[in-house]
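A.B. asks: Residues per chain are reported as follows:
2 protein chains.
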Amino acid sequence: MQTVEKWGRFEISAPGKTEGNPFTDYTCTATFKGKNETVKVDGFYDGEGVYKARFMPSFEGEYSYEMSGTFGGTVTGSFTVTAPTEGNHGPLRVVNQYHFAYEDTTPYYSVGTTCYAWAHQPEEIHRQTLEELDKGYFNKMRFCVFPKHYLHNFRDPETFPYEGTPMDNSGLSEETFTYEMDISGNNWDFTRFNPEHFRRIERCIVELQERGIEADIIVMHPYDRWGFKSMTAEQDDLYWRYVIARFAAYRNVWWSLANEYDLLFSKKLEDWERYAKILCERDPYNHLRGIHNCMAFYNHSRPWITHASLQRQDLYRHVEYTDEYRTRWGKPIVWDEISYEGNIDMGWGNISGQELTRRFWEAAMRGGYAGHGETFVDEENDILWWSHGGPLHGESPERIRFLHRILSETPGYGLKRGSGSFDETVAVPDGVDFLAFGGGAGYEIHYYGFGRPSFRDFIKPEGKWKAEVIDTWEMTITDAGVHEGKFRIKLPGKEYMAVRLTKVD
Amino acid sequence: MQTVEKWGRFEISAPGKTEGNPFTDYTCTATFKGKNETVKVDGFYDGEGVYKARFMPSFEGEYSYEMSGTFGGTVTGSFTVTAPTEGNHGPLRVVNQYHFAYEDTTPYYSVGTTCYAWAHQPEEIHRQTLEELDKGYFNKMRFCVFPKHYLHNFRDPETFPYEGTPMDNSGLSEETFTYEMDISGNNWDFTRFNPEHFRRIERCIVELQERGIEADIIVMHPYDRWGFKSMTAEQDDLYWRYVIARFAAYRNVWWSLANEYDLLFSKKLEDWERYAKILCERDPYNHLRGIHNCMAFYNHSRPWITHASLQRQDLYRHVEYTDEYRTRWGKPIVWDEISYEGNIDMGWGNISGQELTRRFWEAAMRGGYAGHGETFVDEENDILWWSHGGPLHGESPERIRFLHRILSETPGYGLKRGSGSFDETVAVPDGVDFLAFGGGAGYEIHYYGFGRPSFRDFIKPEGKWKAEVIDTWEMTITDAGVHEGKFRIKLPGKEYMAVRLTKVD
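Quick note, the sequences are listed as chains L and R, same order. To convert, note that position 307 of the first sequence is 306 in numbering that gives the first Met the number 0; the numbers rise steadily by one, no gaps. To convert, note that position 14 of the second sequence is 13 in numbering that gives the first Met the number 0; the numbers rise steadily by one, no gaps.
In isolation and in its complexed conformation, chain L is listed as follows (with noise of 0.2 Å):
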């Protein structure tokens, strides 16, 4: 008898014919029966004659699946869900509202990072990647389905996700990097997906999964030469069905629908919300969905959509509309995109460790998240975090570390701002989550940001408080006594400091 784990990947796999396009011209769907819950999936063409159905399932016990049309006979057999091992706590849902859990009710402190491109790189350069993943720095990892093509981001990708062929790219340079540039040059058949590019693609979602990190999946974007941004609405939509048919069954798949979808000139809004319709009726696992954009924000009140995924519009004040945008669409806060640890030569990418270090803190004490990015510039190899992977040279990851230890004691799910009035330091517990958790009010982070106050005036008129000072860039928790009514909190006079009180018994 075949087992699987809960919330694993079950796989089908079969021939089947091969005459024609197998990618358009037959049927395949996949049905899976326990005694909770009936899944019906789309299958896909893997190449090779091979036909593939996929499954995760959300109950243990014994399943049964039939596969079937007109791709070839019917394939039918049984197996059996286990308990789900060690780290496997399932799909991420949203709760309470602004934050995340795990289907096990594990809560989720999102410290996201992002490297567009690193699923199409060399193995080198993957397996730097995978170092510096190691480290726990992060639990998200946003990037691309296509390839990338961008200033740092002109060599070929590893594999295309269609057959054909690429335009010439020898001629490219920073010096005549244009949007607008003549891509008669590809050849491409939109009609027959390339399936190892999309292994390559599983591969990392896999390798993710295994470290804990969710994978934050850019199915389409505008960085693009070869003619992915600009397909008609038949070929998008072929590429949506396939796409999820290979990726849903991964528990850790997120569905980002475009990165900068607002640069994506082609489409329009029926576009992707036509996208979002097929997104919505072909993933029965309802992973987590947005759509993150460059200048205008999309309507993140789109029922569809389950979080805001947020680049920022405005160079100095940002993360700090946190708590506005919570209140604005009801729904998580992530942003994806703040300008990263760097020092290229565009404001998007060259601020300090201690910056976007901030910016991480500023955007968890209002109750929402924050994403990383690095880009410094590399003379000899050109390998940007941002794009490629590769080693990580900045300051701020094993800081966003420290934040997601201090994140993941928080009761409850999460935190948001509170309510002292002219006070704009202090987040608490949010209060849904607190009271579901019977934790009992009494926890508190005052954060300082860029002030850098030597002490703190508290007034607690109930109970003993115990008080720690929190270094956030040195990463150090230093106890200051447990105290009760009015009292002051010594601190360094320092940058980037907070207090967290607890009320203890």
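No lab work stands behind these hints: they were computed from the structure. Hints are not guaranteed to be accurate.
List of simulated lysine to any residue pairs, SDA-like, C-alpha gap at most 25 Å [as the list claims (entries may be wrong)]:
hint: 1; chain 1: L; residue 1: K34; chain 2: L; residue 2: T69
hint: 2; chain 1: R; residue 1: K39; chain 2: R; residue 2: Q96
hint: 3; chain 1: L; residue 1: K489; chain 2: R; residue 2: E394
hint: 4; chain 1: L; residue 1: K489; chain 2: R; residue 2: L314
hint: 5; chain 1: R; residue 1: K489; chain 2: L; residue 2: K465
hint: 6; chain 1: R; residue 1: K485; chain 2: L; residue 2: T175
hint: 7; chain 1: R; residue 1: K459; chain 2: L; residue 2: T177
hint: 8; chain 1: R; residue 1: K459; chain 2: R; residue 2: P410
hint: 9; chain 1: R; residue 1: K489; chain 2: L; residue 2: T23
hint: 10; chain 1: L; residue 1: K465; chain 2: R; residue 2: F449
hint: 11; chain 1: L; residue 1: K489; chain 2: R; residue 2: T177
hint: 12; chain 1: R; residue 1: K489; chain 2: L; residue 2: G492
hint: 13; chain 1: L; residue 1: K39; chain 2: L; residue 2: Q96
hint: 14; chain 1: R; residue 1: K493; chain 2: L; residue 2: H392
hint: 15; chain 1: R; residue 1: K463; chain 2: L; residue 2: E173
hint: 16; chain 1: L; residue 1: K493; chain 2: R; residue 2: G352
hint: 17; chain 1: R; residue 1: K489; chain 2: L; residue 2: V3
hint: 18; chain 1: R; residue 1: K51; chain 2: R; residue 2: E233
hint: 19; chain 1: R; residue 1: K493; chain 2: L; residue 2: G492
hint: 20; chain 1: L; residue 1: K16; chain 2: L; residue 2: F153
hint: 21; chain 1: R; residue 1: K493; chain 2: L; residue 2: E378
hint: 22; chain 1: R; residue 1: K459; chain 2: L; residue 2: K465
hint: 23; chain 1: R; residue 1: K39; chain 2: R; residue 2: H88
hint: 24; chain 1: L; residue 1: K493; chain 2: R; residue 2: T177
hint: 25; chain 1: L; residue 1: K489; chain 2: R; residue 2: D377
hint: 26; chain 1: R; residue 1: K459; chain 2: L; residue 2: F176
hint: 27; chain 1: L; residue 1: K489; chain 2: R; residue 2: S172
In silico negatives: residues of chain L with every beta carbon more than 12 Å from chain R [unchecked claim]:
hint: 28; residue: F58
hint: 29; residue: Y136
hint: 30; residue: N193
hint: 31; residue: E467
hint: 32; residue: R487
hint: 33; residue: I488
What you are looking at is a predicted structure, and each value in this text was computed from that prediction instead of being measured. Even glycine gets a Cβ: it sits at the ideal position worked out from N, Cα and C.
Following the hints, complete the assembly by docking chain R onto the known chain L.
C.D. replies: Chain R alone, transformed into the frame defined by chain L:
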């Protein structure tokens, strides 16, 4: 024959009646006549039987005067106005809508500071303040006529503005501080000024003038335990007329109607407008006039307001609105409070020298001006520059002086934000100034703030450009060659850098 230099202060002094209340019972006015102007001013009672009238001539040549009124006999005479001596450029005026120049057309780039209560401190502190001012960091000082009651400000001032006795201050402390205290222990005659108090202010005005510093006089303010903020309309008006009669003839005076006018809860809009009317009617020299907010901005479109004197309304984005506020009000933008360098507990007084310097540059690059203040905890003496003056401790003053040096090299009268699309970083001379001064287009400062580019590319289709790299923190200007067409300027990948481009023939 008496002489006075142009824009100097000419004073008539004469004995008069002392019966009753000389501050209110008698009239005293004076008229000064020259070939090009006839100026009528209010005289004032200076105590000890002496009445005075003051005049600031705007032209060279022969003048006659006559002081008369019920105070005593008529006094007449004549004097000669000579050319201004070195360093005397006259009072300040608004030029080219957004900037300032002295009346002799010398440009003035405002780099202000604030020592609210320096006029009311003991001699030793006063001396220390002057020593700091001698270093040439600042060219404007904001300070109050009335003494100050606030945290760190519980000592009585050296003098009070009225005859009478103050409430007991022995029980005052940070612990018991409140705005809503019992002030019944005061006993003042609001119709009898204490001339000594005003002479202290005048000494300060002169000391500033001697150092090339404008005296931004705060006539009213809310930090009060003596009842000076809640006098009757009649008492207020008497005070305003006395202040104008005494101070208007000092060429370096600016009128700040109030600090944080919106915290003076007993005053209404019509009160502020009435004070402004008194000022416009009785200050014959039209010194600069502003009114400073705590939360809500005053309506700076009011015609009597010469420049917008602002306190930030947001913790994160403030001076970055300079160009928008220029457009909104069509007047110079002067940020008089944008958080101080220091380490006190409050967010308005604990930013770093780097951050305050950045705010100065941001304001300047967008065509406005910023103000300094310093609030370091002083456990021994509780002397904080922001209020008392005394010794400076911070790192920003030197950098502010350096910025002033750079601004002084602007062709024409001042900068405005550049109009390059997507380019937030360019400041260019205000177009109008430019043409007016025929410097020819060709002066740009590209400022990168907290960005850390390792290089920047420039495209200059016309002419040759001299490039300099400015380190605004280290205060260095490094030659980066002469370039044309498309060229790259290398930068150190640090925060707070700028590139200056000047067209050369």
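A.B. asks: Hint by hint, which ones does this structure get wrong, listed from lowest number up?
C.D. replies: 1, 2, 5, 9, 10, 12, 13, 17, 20, 22, 24, 32, 33
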